[in-house]
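Participant: Below, each chain spelled out in residue letters.
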Amino acid sequence: GEDVEQSLFLSVREGDSSVINCTYTDSSSTYLYWYKQEPGAGLQLLTYIFSNMDMKQDQRLTVLLNKKDKHLSLRIADTQTGDSAIYFCAAIMFSGGYNKLIFGAGTRLAVHP
Amino acid sequence: GAGVSQSPSNKVTEKGKDVELRCDPISGHTALYWYRQSLGQGLEFLIYFQGNSAPDKSGLPSDRFSAERTGGSVSTLTIQRTQQEDSAVYLCASSLSYRETDTQYFGPGTRLTVL
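From first to last, the protein sequence lines are chains A and B.
Per my numbering, residue 1 is the first one in the first sequence, and the count goes up by one each step.
Per my numbering, residue 114 is the first one in the second sequence, and the count goes up by one each step.
Do not take every clue at face value.
Claimed, not checked - Derived SDA-like pairs: lysine to any residue, alpha-carbon spacing no greater than 25 Å straight-line:
#: 1; chain 1: A; residue 1: Lys36; chain 2: B; residue 2: Ala201
#: 2; chain 1: B; residue 1: Lys130; chain 2: B; residue 2: Thr189
#: 3; chain 1: A; residue 1: Lys36; chain 2: A; residue 2: Thr23
#: 4; chain 1: A; residue 1: Lys36; chain 2: B; residue 2: Arg224
#: 5; chain 1: A; residue 1: Lys36; chain 2: A; residue 2: His71
#: 6; chain 1: A; residue 1: Lys36; chain 2: B; residue 2: Ser151
#: 7; chain 1: A; residue 1: Lys70; chain 2: B; residue 2: Glu157
#: 8; chain 1: A; residue 1: Lys36; chain 2: B; residue 2: Leu209
#: 9; chain 1: A; residue 1: Lys67; chain 2: A; residue 2: Phe9
#: 10; chain 1: A; residue 1: Lys36; chain 2: B; residue 2: Gln154
#: 11; chain 1: B; residue 1: Lys170; chain 2: A; residue 2: Gly1
#: 12; chain 1: A; residue 1: Lys70; chain 2: A; residue 2: Thr30
#: 13; chain 1: A; residue 1: Lys36; chain 2: B; residue 2: Thr214
#: 14; chain 1: B; residue 1: Lys128; chain 2: A; residue 2: Gly40
#: 15; chain 1: A; residue 1: Lys70; chain 2: A; residue 2: Glu2
#: 16; chain 1: B; residue 1: Lys170; chain 2: A; residue 2: Ser95
#: 17; chain 1: A; residue 1: Lys67; chain 2: B; residue 2: Arg212
#: 18; chain 1: A; residue 1: Lys56; chain 2: B; residue 2: Tyr218
#: 19; chain 1: A; residue 1: Lys67; chain 2: A; residue 2: Asp26
The hints are simulated quantities; they were obtained by calculation from the structure and are not laboratory data.
Bound conformation, chain A alone (with noise of 0.2 Å):
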C-alpha cells in the first residue's frame, strides 16, 4: 500500500521561501494533494498536481513532482504569519474500487518576525 512521509517542523523568518517535502511510495498514484490545516479548523485544499505534471505554479505556491523518486515539494514563496499551519501531503491511492487519500503526518510550519 501506499506510504507517505514528511518532516514534522518547518521554521521560516517572514519573507523568506518555504519549501516543504513529502515522499509516498506508491508509484501508481496519480493525483498528490497539499492541504493545509490552521489551528481548530478542517483541512483546506491548498493545491494538486497530476503525476503527468512535474511543475504546477499558483500565485505563491509552487508544487515540484520528481516522479521518478517519488518526491513531492511546495514551496511558498514570501512566507506570511497567516500562513502559520500544518500542511499535509497526501497522494491518492486505488483500492477496492475506490480513490482513497493517504496522508503524511503533516508538517507544521512556524513563521517568525
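Add chain B to chain A, keeping to what the hints say.
Facilitator: Structure of chain B alone, referenced to chain A:
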C-alpha cells in the same frame, strides 16, 4: 454554498460510554469519507461511503466503531464503549463522486476526548 459540517465540534465523554458523531456533506456529493487524526499523527482513513453503502470498512480500528449513512446524505460514526485511545479529532470529507479527479472537501472535525 455550505461546506461540510460536523457536530458536535467538541465531545468529552467518560470511558465506556457510547458516542455518536455526525457529518453533513456538501449537497449533491455522493462520496463521503471518515478520517481520524490522533495527536501528532497524520490522518488515518476509517471508512468510505458511496451513496448509502460502505464498500470498504477495513479502516475501522475495531468492532466498537460503526458508521451509517441514510438518504445518501448525513452520516453518523458511532463509537461504543469508548476507550482513552479513541481520543482524537474525527474528520469527515465529501466529494462529488469516487473519481480521483473529485476533490475531497473536509469539515472542521469533531474533537473527542475520552476521560
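Participant: Hints first: check each against the structure and report whether it holds.
Facilitator: Now for the hints, and whether the structure bears them out:
Restraint check for Lys36 (chain A) and Ala201 (chain B): satisfied, since their Cα atoms lie roughly 18 Å apart, inside the 25 Å limit. Taking the CA atoms of Lys130 (chain B) and Thr189 (chain B), the gap is about 16 Å. The hint holds against a cut of 25 Å. Restraint check for Lys36 (chain A) and Thr23 (chain A): the C-alpha separation of about 17 Å stays at or below 25 Å, so the hint holds. Proximity of Lys36 (chain A) to Arg224 (chain B) is assessed by CA-CA distance (about 18 Å); at most 25 Å being required, the pair is judged to hold.
In summary, the hint linking Lys36 (chain A) to His71 (chain A) is supported, as the alpha carbons are separated by about 19 Å, within the 25 Å threshold. Note on Lys36 (chain A) and Ser151 (chain B): the hinted pairing holds, with a Cα-Cα distance of about 16 Å set against a maximum of 25 Å. Restraint check for Lys70 (chain A) and Glu157 (chain B): satisfied, since their Cα atoms lie roughly 21 Å apart, inside the 25 Å limit. Distance restraint check for Lys36 (chain A) and Leu209 (chain B): the Cα-Cα separation of roughly 21 Å lies within the 25 Å cut-off, and the hinted pair is therefore satisfied.
At roughly 24 Å between alpha-carbon atoms, Lys67 (chain A) and Phe9 (chain A) fall within 25 Å of each other, so this suggested pair holds. Note on Lys36 (chain A) and Gln154 (chain B): the hinted pairing holds, with a Cα-Cα distance of about 15 Å set against a maximum of 25 Å. Simply put, Lys170 (chain B) and Gly1 (chain A) have alpha-carbon atoms about 16 Å apart, close enough for the 25 Å limit, and the pair holds. Taken as a hint, the Lys70 (chain A) and Thr30 (chain A) pair is honoured in the structure, with Cα atoms around 12 Å apart against an allowance of 25 Å.
With a C-alpha separation of about 19 Å, the suggested pair Lys36 (chain A) and Thr214 (chain B) falls inside the 25 Å cut-off, and the hint holds. This hinted pair checks out: Lys128 (chain B) and Gly40 (chain A) have alpha carbons roughly 24 Å apart, not beyond 25 Å. In summary, the hint linking Lys70 (chain A) to Glu2 (chain A) is supported, as the alpha carbons are separated by about 11 Å, within the 25 Å threshold. Note on Lys170 (chain B) and Ser95 (chain A): the hinted pairing holds, with a Cα-Cα distance of about 12 Å set against a maximum of 25 Å.
The hinted pair formed by Lys67 (chain A) and Arg212 (chain B) meets the criterion: a straight-line CA distance of about 21 Å does not exceed 25 Å. Only pairs whose Cα atoms come within 25 Å are accepted, and Lys56 (chain A) paired with Tyr218 (chain B) is accepted, the gap being roughly 21 Å. Note on Lys67 (chain A) and Asp26 (chain A): the hinted pairing holds, with a Cα-Cα distance of about 10 Å set against a maximum of 25 Å.
Checked against the numbered hints above, the structure breaks none of them.
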